[in-house]
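Chains as they are written, first to last, in the numbering used here: chain A, 496 to 747; chain B, 496 to 747.
A few of these clues could be false.
[To be verified] Quick list of the computed label-pair ranges, beta carbon to beta carbon:
1) A/R701 x B/H620: 28 to 38 Å
2) A/E578 x B/Q520: 43 to 53 Å
3) A/G737 x B/R725: 48 to 58 Å
4) A/E553 x B/T545: 36 to 46 Å
5) A/G616 x B/P623: 24 to 34 Å
6) B/G570 x A/S726: 41 to 51 Å
7) B/T545 x A/N497: 46 to 56 Å
8) B/E711 x A/S726: 26 to 36 Å
9) A/D708 x B/D724: 31 to 41 Å
10) B/Q520 x A/G570: 29 to 39 Å
11) A/R701 x B/A738: 32 to 42 Å
[As the list claims (entries may be wrong)] In silico lysine-lysine, DSS-like type, Cα no more than 27 Å apart, as pairs:
12) A/K579 x B/K579
13) B/K506 x A/K540
14) A/K506 x A/K579
15) A/K579 x A/K540
16) A/K506 x B/K540
[To be verified] Covered stretches of chain A, going by a simulated chain B footprint (3 or more residues, C-beta under 8 Å):
17) 562-571
18) 672-680
19) 700-713
20) 726-737
In short, the hints are calculated from the structure, not lab data.
Idealized CB from N, CA, C, for every residue including glycine.
Protein chains: 2
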Amino acid sequence: MNILIVYAHPKPDSLTGALKDVAVQQLRSDGHEVVVSDLYAMDWKAQADTDDVGEVEEANFMLATGEAYRTGSLGADIRAEQEKLLWADAVLLHFPLWWFAMPAIMKGWVDRVLTNGFAYGASGHALPRYGDGVLRGKRAMVVVSIGGREPAYSDRGINGRLDDVLYPINHGILYYPGMDVLPAFPVYGAIRVSDRRFAEVADALRQRLSQLDEIEPIAYRPQSGGDYDRSLRLEPGRERNGATGFDLHIAS
Amino acid sequence: MNILIVYAHPKPDSLTGALKDVAVQQLRSDGHEVVVSDLYAMDWKAQADTDDVGEVEEANFMLATGEAYRTGSLGADIRAEQEKLLWADAVLLHFPLWWFAMPAIMKGWVDRVLTNGFAYGASGHALPRYGDGVLRGKRAMVVVSIGGREPAYSDRGINGRLDDVLYPINHGILYYPGMDVLPAFPVYGAIRVSDRRFAEVADALRQRLSQLDEIEPIAYRPQSGGDYDRSLRLEPGRERNGATGFDLHIAS
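In isolation and in its complexed conformation, chain A is listed as follows:
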C-alpha cells in the first residue's frame, strides 16, 4: 500500500515522534511505500487565510477555496498535500491530544488541505460525503498520545469516552470525504514513559500496523445508505439496541 503519515509534534525526541519512527520502520519493512508529512519540520502554515486562494472572484472564504481549487490557484503547499492524499491507500494522523483535539498545526493541515471542491461541496456544487467522496475506499487511522489515563477516557470517565472525543475527527474529518476509518490507536499516560513501557507500546503499534489492511473499519452509516431522512436525521428505529449519541451513526 501507499501510506501517508501526517505527523505533528514540536519535538522529534518526544514519545509521539519516537512512535512515528516506529511506524515508518514497520510499514516499510512490511513492503509499503511511506510518505511522511512532518508538519513541524515542513514549517507548515497553520492558519487558513486569503493568501491560500490566490486571485478569486468569490467573496465568501469557504466558497473562495472551492473556486481556487477549480481554477488551480490554490497554494502549492496545499496542492502537494492533496496529491499525497490521492496517492495514498491509507492515511495515518499521528499526533498528541492537546485540549481534547489535534494540535493547531494539524488542524491547519485539515482546514487548508480539505478544501471546498476537493473534499466537500456546497450549494450548486454538491459532492457525495460520509462514506463516499474523493477519498472513498482509502483507509484512515488516528495514532494519538494522551497525557491522561485510560479510565478518565472510559465510558463514565470525566473527559468523555475517547471514541466520542475523537468522533469529530474520525467521522467528521476522515469518514466525511469517504475514508474507511479504523479504530484509533491511543497511548495513555504519555508524559513520562519508561523504556519498558515504550517497548510494549511500540510492539503493540507494530502489531496494529501489520494488520492495517485487515482491520475492520468502524461501521459508520453512509449518508446515502437510506438510514437518514432528507434533513439528515437518523430514521426512527434504526439504532442498535441502546445506542445513543454519536453511536447512533454506527450501524453494527
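Once you have looked at the hints, place chain B on chain A.
Relative to chain A, chain B alone:
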C-alpha cells in the same frame, strides 16, 4: 463586566466578522469593557513550538511550557493573552465551525495560551480543574457560525448533536480551568445569509449578550464535587434519568 472576545475569521466582511461587530457594539452599549483578540488581525502564531518557551531545562514539551510559565520565559504574546484572561469576567470564543472544530488559528490560541502551570497541572504540580482553577468563576460562551443546517446537528443528526460536537471545547477547554460555561449561540446555514436573516440573527445575539450575567451555566459536574471516583469515572447511579455519553457529566 470586563469581557474578552477571542475572534477568528480570515475575512472581516464575513458573517462571523459582522456578528463579532454586533457583539462588541452591544456589550459596550450595555456598559461593559470589551477587549477583542482578533487573531487574524494580530497575525497570531498558531503553532505551539519550542520558540514559545525560551531557555528551559525540561525536555518534555508540555512540561517545558510549565517551566517557562513559572520562570517567566514564555513568549510575550502568550503572556499578554494570559493577562487578558485574568482581567476578564467573561470570555467569548467567536468562530466559524470548520471541520467540526475551531479554526486552527484559534486552536493555536488555546494550545499556546492555556499552558501547563497556568491552566492545568501535571504530576508534582497538580492544579484544581473541571469547575475550579485559574479562571474559576468567570463566564464563557461560544458564538459559532455553522455552514450546515440545524437538523443535521440535532439529537439524531448525522453530524452529531451540536452540544456533543462542542463538548471538547465547552467542557474540555472552558470548564477545565474553572469557567462557568453558558450554552453556545449557534448560527446555522451561515454560508449565504439574506439581510433579513442577518437582522434576525443579530437581534437574537444582542438579546443573548444582554443577559450574559444572568444566563444559567451548563451544570457540569466539578471534579472535586464527590461525583467521581479516584480514577475519575462517574460514580454508579449519579446520572440523571436516561443520561448517556457526555451528558453523564451534567448534574441537572
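To see whether the hints hold, each was checked on the structure:
no.	hint	result
1	A/R701 x B/H620: 28 to 38 Å	34 Å, holds
2	A/E578 x B/Q520: 43 to 53 Å	45 Å, holds
3	A/G737 x B/R725: 48 to 58 Å	28 Å, violated
4	A/E553 x B/T545: 36 to 46 Å	38 Å, holds
5	A/G616 x B/P623: 24 to 34 Å	46 Å, violated
6	B/G570 x A/S726: 41 to 51 Å	46 Å, holds
7	B/T545 x A/N497: 46 to 56 Å	32 Å, violated
8	B/E711 x A/S726: 26 to 36 Å	29 Å, holds
9	A/D708 x B/D724: 31 to 41 Å	40 Å, holds
10	B/Q520 x A/G570: 29 to 39 Å	35 Å, holds
11	A/R701 x B/A738: 32 to 42 Å	40 Å, holds
12	A/K579 x B/K579	41 Å, violated
13	B/K506 x A/K540	17 Å, holds
14	A/K506 x A/K579	24 Å, holds
15	A/K579 x A/K540	17 Å, holds
16	A/K506 x B/K540	17 Å, holds
17	562-571	violated (count 0)
18	672-680	violated (count 0)
19	700-713	violated (count 0)
20	726-737	holds (count 4)
Consistency note: the structure conflicts with the earlier hints numbered 3, 5, 7, 12, 17, 18 and 19.
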